[in-house]
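With the sequences and hints as input, model every part of the structure.
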Amino acid sequence: MGRRKSKRKPPPKRKAIEPLDTQFNCPFCNHEKSCDVKMDKGRSTARITCRICLEDFQTTINFLSEPVDVYNDWIDACEQAN
1 MGRRKSKRKP PPKRKAIEPL DTQFNCPFCN HEKSCDVKMD KGRSTARITC
51 RICLEDFQTT INFLSEPVDV YNDWIDACEQ AN
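Start counting the sequence shown at 1; every next residue gets the next number (UniProt numbering).
FYI, nobody ran anything at the bench for these hints, they're computed from the structure.
Errors might be hidden in some of the hints.
[Said to hold, decoys possible] Below, in silico cross-link-like pairs of lysine to any residue (SDA-like), each with a Cα-Cα straight-line distance of 25 Å or less:
no., residue 1, residue 2
1, Lys41, Asp76
2, Lys38, Asp76
3, Lys38, Pro27
4, Lys33, Pro10
5, Lys41, Asn30
6, Lys38, Asn62
7, Lys41, Glu18
8, Lys38, Glu79
9, Lys41, Asp69
10, Lys41, Thr60
11, Lys41, Ala77
12, Lys38, Thr49
13, Lys41, Asn72
14, Lys38, Thr22
15, Lys41, Cys26
16, Lys38, Phe28
17, Lys33, Thr45
Given below as structure tokens:
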């Protein structure tokens with residue numbers, strides 16, 4: 001004799017992980033996706049530069065830092081200056 005079929009719920013579907021942005025909006029000239037981040041983990045520095053208005057910002061990073069962290073540091077520095 002066979003066993004009865006179990007009425008188990010199917011496992012929940014996993015959400016797709018979206019990658020973080022690497023290009024950002026410039027806080028000075030307000031162009032979309034005009035700022036690029038260059039990270040030098042060997043020197044523990046990162047530089048974000050706008051291609052339109054040529055505004056730039058440099059900060060120190062660690063091995064966990066991502067481009068979005070550099071952008072947030074730039075925005076925080078702009079707000080602190082004002």
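Verification of the supplied hints:
Under the criterion of a C-alpha separation no larger than 25 Å, the hint pairing Lys41 with Asp76 is consistent with the structure, at around 21 Å. Distance check on the hinted pair: Lys38 and Asp76 sit about 18 Å apart at the alpha-carbon level, within 25 Å; holds. The straight-line distance between the Cα atoms of Lys38 and Pro27 is roughly 18 Å, inside the 25 Å bound, and the hint therefore holds. Between Lys33 and Pro10, the direct Cα distance comes to roughly 41 Å. Violation of the 25 Å bound is thereby established for this hinted pair.
For the suggested pair Lys41 and Asn30, the alpha carbons sit about 28 Å apart, so the restraint of at most 25 Å is broken. A threshold of 25 Å between alpha carbons decides the hint, and for Lys38 with Asn62 the separation of about 14 Å falls inside it, so the pair holds. Simply put, Lys41 and Glu18 have alpha-carbon atoms about 23 Å apart, close enough for the 25 Å limit, and the pair holds. Between Lys38 and Glu79 the alpha-carbon distance is near 22 Å, which keeps this suggested pair within the 25 Å criterion.
Distance restraint check for Lys41 and Asp69: the Cα-Cα separation of roughly 14 Å lies within the 25 Å cut-off, and the hinted pair is therefore satisfied. The hinted pair formed by Lys41 and Thr60 meets the criterion: a straight-line CA distance of about 9 Å does not exceed 25 Å. Restraint check for Lys41 and Ala77: the C-alpha separation of about 21 Å stays at or below 25 Å, so the hint holds. For a cut-off of 25 Å, the pair hint linking Lys38 to Thr49 stands: about 8 Å separates their Cα positions.
The suggested pairing of Lys41 with Asn72 holds, with an alpha-carbon distance near 18 Å, which does not exceed 25 Å. In summary, the hint linking Lys38 to Thr22 is supported, as the alpha carbons are separated by about 10 Å, within the 25 Å threshold. Taken as a hint, the Lys41 and Cys26 pair is honoured in the structure, with Cα atoms around 23 Å apart against an allowance of 25 Å. For the proposed pair Lys38 and Phe28, the alpha carbon gap of about 19 Å is at most 25 Å, so the pair holds.
For the proposed pair Lys33 and Thr45, the alpha carbon gap of about 21 Å is at most 25 Å, so the pair holds.
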